[in-house]
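Using the sequences and the hints given, assemble the complete structure.
Going line by line, the protein sequences match chains A and X.
In our numbering, each number is its position in the first sequence, counted from 1, plus 6.
In our numbering, each number is its position in the second sequence, counted from 1, plus 6.
Calculated from the structure, these hints are not laboratory results.
Heads up, the beta-carbon is just placed ideally off N, CA and C, and yes, glycines get one too.
One thing to keep in mind: the hints can contain errors.
To be verified - Heads up, incomplete: computed chain X residues facing chain A, CB under 8 angstroms, no partners named:
1. Gly-109
2. Gly-112
3. Asp-117
4. Gly-119
5. Ala-176
6. Pro-181
7. Phe-215
What the hints assert, rightly or not - A short list of chain A residues far from chain X (calculated; beta carbon distances all over 12 angstroms):
8. Arg-86
9. Gly-89
10. Leu-90
11. Ser-91
12. Val-124
13. Pro-127
14. Glu-136
15. Val-151
16. Lys-164
17. Ala-168
18. Arg-179
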Amino acid sequence: MTVDSLANPELAEIEVHGITRSSLLIRGALAASAVYGTSAVGPFVSSALAQGAASGDLEILNFALTLEYLESDFYNAKGREVGLSGQARAYAKVFGEQEQQHVLALTAAIKQLGGTPVKKPTFVFPAKDEKSFLALASTLENTGVGAYNGAGPSLKSKQVLAEAGGIVQVEARHAAAIDLLIGSSPTPSGGFDVPIEKPKVLAAVMPLIKG
Amino acid sequence: MSAQPEQEVALQPAGIIERLVRDDVDRKRFLKATGGAGAASFATFVMAACGSGKSKSSGTAATATQARSQSAGDIAILNYALTLEYLETQFYEKVIASDLFTGKVGSLVKDFGEQEKTHVEAIEGAVQKLGGTPVTPPTGRFPIVSAAQVAQLAYTVENLGAAAYLGQAANIKNPEVLASALAIHSVEARHAATLGTLVHKSITPDGAFAKPAEMATVLAAVKPFLA
Numbered sequence: 007m008t009v010d011s012l013a014n015p016e017l018a019e020i021e022v023h024g025i026t027r028s029s030l031l032i033r034g035a036l037a038a039s040a041v042y043g044t045s046a047v048g049p050f051v052s053s054a055l056a057q058g059a060a061s062g063d064l065e066i067l068n069f070a071l072t073l074e075y076l077e078s079d080f081y082n083a084k085g086r087e088v089g090l091s092g093q094a095r096a097y098a099k100v101f102g103e104q105e106q107q108h109v110l111a112l113t114a115a116i117k118q119l120g121g122t123p124v125k126k127p128t129f130v131f132p133a134k135d136e137k138s139f140l141a142l143a144s145t146l147e148n149t150g151v152g153a154y155n156g157a158g159p160s161l162k163s164k165q166v167l168a169e170a171g172g173i174v175q176v177e178a179r180h181a182a183a184i185d186l187l188i189g190s191s192p193t194p195s196g197g198f199d200v201p202i203e204k205p206k207v208l209a210a211v212m213p214l215i216k217g
Numbered sequence: 007m008s009a010q011p012e013q014e015v016a017l018q019p020a021g022i023i024e025r026l027v028r029d030d031v032d033r034k035r036f037l038k039a040t041g042g043a044g045a046a047s048f049a050t051f052v053m054a055a056c057g058s059g060k061s062k063s064s065g066t067a068a069t070a071t072q073a074r075s076q077s078a079g080d081i082a083i084l085n086y087a088l089t090l091e092y093l094e095t096q097f098y099e100k101v102i103a104s105d106l107f108t109g110k111v112g113s114l115v116k117d118f119g120e121q122e123k124t125h126v127e128a129i130e131g132a133v134q135k136l137g138g139t140p141v142t143p144p145t146g147r148f149p150i151v152s153a154a155q156v157a158q159l160a161y162t163v164e165n166l167g168a169a170a171y172l173g174q175a176a177n178i179k180n181p182e183v184l185a186s187a188l189a190i191h192s193v194e195a196r197h198a199a200t201l202g203t204l205v206h207k208s209i210t211p212d213g214a215f216a217k218p219a220e221m222a223t224v225l226a227a228v229k230p231f232l233a
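Written as structure tokens, this is what we have:
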């Protein structure tokens, strides 16, 4: 399989042992990202993404990027400012690194689709200690899960969907871990996570965006 | 620094699916509140999937007609997911019956078992709604030896389940089926992460990007658990 084969969009939909060529490509890219880092993936993903990803996908990706900026800044900058300890500190370190990887991956995907990544906003987080930090972490992670799940069916590109799926699963894992730590249910919506539409996500995060 | 009250960051209330299924007024309010085809179809689909066939929703008929034309592949995927959900449900039933877990962990295990059961019911309904026949439940065979061993097995099973859903997301044609699969996918991930904390294994074993698993890989992995 070569990247050139994707010059024919219809080839992308040909099933090879039950999976499409293009989803194979993305999976390969994600595997590569694990080994070589996200920066190595950009050109590889680009060819896969260039098929059929409409401007709607770019908008969704930029929206997701904003949420990832927010989460990354929260765990990294705000986490340091608040001064965390023990398990909270350990989670903030790992989750902060992973959110930053999401930022890099989404930025690369947007560029490769021919879009312009949104600039990182300035955030203000209403957390003053570990307790309020973790409470806000729970809200942000659970909102992130709902946002990705809400946007998923609107994505035109199956490749973008596969990539978003790989990210939302990690957000859900973060959410569960944080919720357990604060004594909340790791499954706040029971058996089915509730998708959250963009306007509701925006309403939730706008108070945290300073400019 | 203009501190905003945290309650402005509002989430959907828990248990909304159950209320949607039960309560038509609530359902309409949900559709109005969330807006957008995705949420509307999701609710319609879950309603249908949960056997609320008495709904007068005009969207249901149209959705069903559209779904039927492209449903063969989706039915196969749903039946595959159903097989895994049957196994997970049977596994948790055995674990709960074993009384190996008490207290907080015991109640988490019960919650997870019940949630797997709701997945089974939803997917059975979805398969029927698409005009298919739900697969016959497999008979699972799970080693139940000790709390540590069972927790480890549960961690493995849930990670596999999450990877299995992720592996199918891009293959699903029907947006309602996709919305429902995504809603289940992230719950399996929550289960996996919770069990990870119990067995002191990674919450995010694949790092920042969860890896999908192909159907063949998953079916090979569950084969030892089939009687």
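To see whether the hints hold, each was checked on the structure:
no.	hint	verdict
1	Gly-109	13 angstroms, violated
2	Gly-112	14 angstroms, violated
3	Asp-117	6 angstroms, holds
4	Gly-119	10 angstroms, violated
5	Ala-176	4 angstroms, holds
6	Pro-181	4 angstroms, holds
7	Phe-215	4 angstroms, holds
8	Arg-86	16 angstroms, holds
9	Gly-89	17 angstroms, holds
10	Leu-90	17 angstroms, holds
11	Ser-91	18 angstroms, holds
12	Val-124	20 angstroms, holds
13	Pro-127	14 angstroms, holds
14	Glu-136	15 angstroms, holds
15	Val-151	5 angstroms, violated
16	Lys-164	4 angstroms, violated
17	Ala-168	4 angstroms, violated
18	Arg-179	4 angstroms, violated
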